[in-house]
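Chemist: One letter stands for each residue in the lines below.
Number of protein chains: 2
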Amino acid sequence: MSIGIFDSGIGGLTVFKEISKEFPKADIYYLGDTARVPYGNKSKETVIRYSVEAGNYLKSFGIDALIVACNTASSFALDTLKNILDIPVIGVIEPGVEMAIRFTRNKKIGVIGTSATIKSGSYKNLLEKNNVQIYQKPCPLFVPLVEEGIIEGQIAELVVREYLDDLVAEGIDTLILGCTHYPLLKKTIKKIYPHLKIVDSSQAIAEFLHRENLRFNGSGLRKIFITDESESFERFKRVLIGDIPLEKIDLSKLCTL
Amino acid sequence: MSIGIFDSGIGGLTVFKEISKEFPKADIYYLGDTARVPYGNKSKETVIRYSVEAGNYLKSFGIDALIVACNTASSFALDTLKNILDIPVIGVIEPGVEMAIRFTRNKKIGVIGTSATIKSGSYKNLLEKNNVQIYQKPCPLFVPLVEEGIIEGQIAELVVREYLDDLVAEGIDTLILGCTHYPLLKKTIKKIYPHLKIVDSSQAIAEFLHRENLRFNGSGLRKIFITDESESFERFKRVLIGDIPLEKIDLSKLCTL
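First to last, the protein sequences are chains B and L.
Here the first sequence is numbered in this note's numbering, starting from 72 and rising by one per residue.
Here the second sequence is numbered in this note's numbering, starting from 72 and rising by one per residue.
These are calculated hints, taken from the structure and not from any lab test.
It is possible that part of the hints are untrue.
Which copy is meant is left open, so a pair is good if it fits within one copy or across any two.
Simulated pairs of lysine-lysine, DSS-like, Cα-Cα distance not exceeding 30 Å [what the hints assert, rightly or not]:
| hint | residue 1 | residue 2 |
| --- | --- | --- |
| 1 | Lys294 | Lys200 |
| 2 | Lys153 | Lys319 |
| 3 | Lys190 | Lys294 |
| 4 | Lys208 | Lys319 |
| 5 | Lys208 | Lys258 |
| 6 | Lys258 | Lys319 |
| 7 | Lys130 | Lys178 |
| 8 | Lys92 | Lys190 |
Just so it is clear, the structure is predicted and the values come from calculations on it, not from any experiment.
The following block holds chain B by itself, in its conformation from the complex (with noise of 0.2 Å):
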C-alpha cells in the first residue's frame, strides 16, 4: 500500500516527515511542484490545472491514497481532484480544522495562510459549521522567510509580530498554520505568544490518518520529484529527510491543448 504527497513546494516536507514517521512501512511518493511554486498567489483556475497534473502524476505509482500537502491546493483543487481520481484525497483543511476545534477553549481560532488560502474562506467555511469565532490573517512573507532560512532572530520576531500582534489581540487561544511551510517558524511564534495551541497541520494530518485506519503496508519506499531544481528545495530535504535523491520530471509534458 502506497501514499501520495504534492505540494507545491518544499512546505510539503514537514508532512512527508510526520507521515514517514508516523507510517513506517507506507511505500510514499512526494511530488514537490518546484518549477511552479509559489500557488499562493495564483489563481483558482491556474492552481487546479496545475494540482491535477501533480495528481495524476502520482497516480500513475499505483498510490492508494493522496495527500495534499499544500494548503492553496486543498482550497482549491480538493474538490476536483476526489472527482478525477478514484482514491482517497486528503488536504490539509479538515485535519487543522478538526484539531484546533479539539484544541480551543474560549472557541476563538486564529487562522493563518498564503493570500490565496485566505481568501477561498475554506478554513472559515468549515470553521463556522462549528460554533467558533474566527480571526483570519493573510502572511505573504512567512514562505520567502522560511525559504531563505530566517526562520529565528530580530527579523523573523519583526514580522511575526507585524501579521500576528493584532490577531492575537483579539483574545484567539488557538492558531492554525494554515500554510505547510509554518511548522518551521513554530519556535518563533511559541518564543512571542507561549499561550497559543499551535495547529501543525502534519501532526493534524498524521492524526487524522490514524483516526481514519488508513493502514499502509509496504516497503518502506521513499521517493521525492520535483519539477525543477531548486537549492531552497535541497537544503531543506537535507535538513528534514536526509539522503533521499531527487529526481527531477517535467509535468509540463503532460500538458493538455
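Starting from the structure of chain B, add chain L where the hints point.
Modeler: Chain L alone, transformed into the frame defined by chain B:
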C-alpha cells in the same frame, strides 16, 4: 514603431514607466508572466523556455525591439532570444553595467539580485572586462518585501541591513540594483547608505535606448498582458502607472510538446 517589454511579474513595470515617460510616442506592449513568477529560483533551462514563449507572444504584435526587463531572464535567455527573434533584444545587464562604470570613482562596485541572477555571473562577467572590483550578494527577501508593499520602515531597514551591511563594508561606492523590483527599495537603501551611487535598471535602459538612437514613433498605445490574475500586480500597476487595463493571456497554449 513599437516596443515589447517582458518580465516574470511586476518588477518590469518600473521599466515600463520609465520607457513610457522617455518614449511617449512609442507603442508599448508589456507582458508580466504572473502565472509563473518568480523566475529567480528556477533553472536556466526553464527560464529560457518561459522567456522564449513570452518573446514569441510579444513578437506577434510586430514589435521592433524587445526589452527583457527581468534580470533572471536577461542572465539566462538573452542569447537565445536574440537568435530566435529577428529584432534588437535589450536586457537589463548591459545598460546597468555601463551606468555603474560611469558612476564609480573607486572602482568598487556592488551587485545585488536574485539568487539565480547572482549565480549566473552575468553582471560579474561583464564588469570584469572593465577593470573593477566586484562584490556580489543575492537578496531573496527583497522581492517578497516589495510585493508585500513593505518598502520603508523598521522591517524593510533591518532586511536591507541584513543583506547590505557586509557589502557596503567592503567599500563599494556604487551599487547595481540587479533586479527590477529593487528600485522600490531605493529610498530605504539611500537612507541607510546615503553615500552610495545607485544604479536603477529602468533609468539605465532608457539611457541606453537614447544612446543607441533607437527611435520609436507610434500612436502612444499602451498594452499590458498578464498570464494570471494577481493582486500585487494590479496594486503596483495602479500605483506606478495608473488606469491601463490588464488583459489575461495563456502562454501554456503555446506549449510545444
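Chemist: Return the numbers of the hints above that this structure violates; sort them in rising order.
Modeler: 1, 6, 7 and 8
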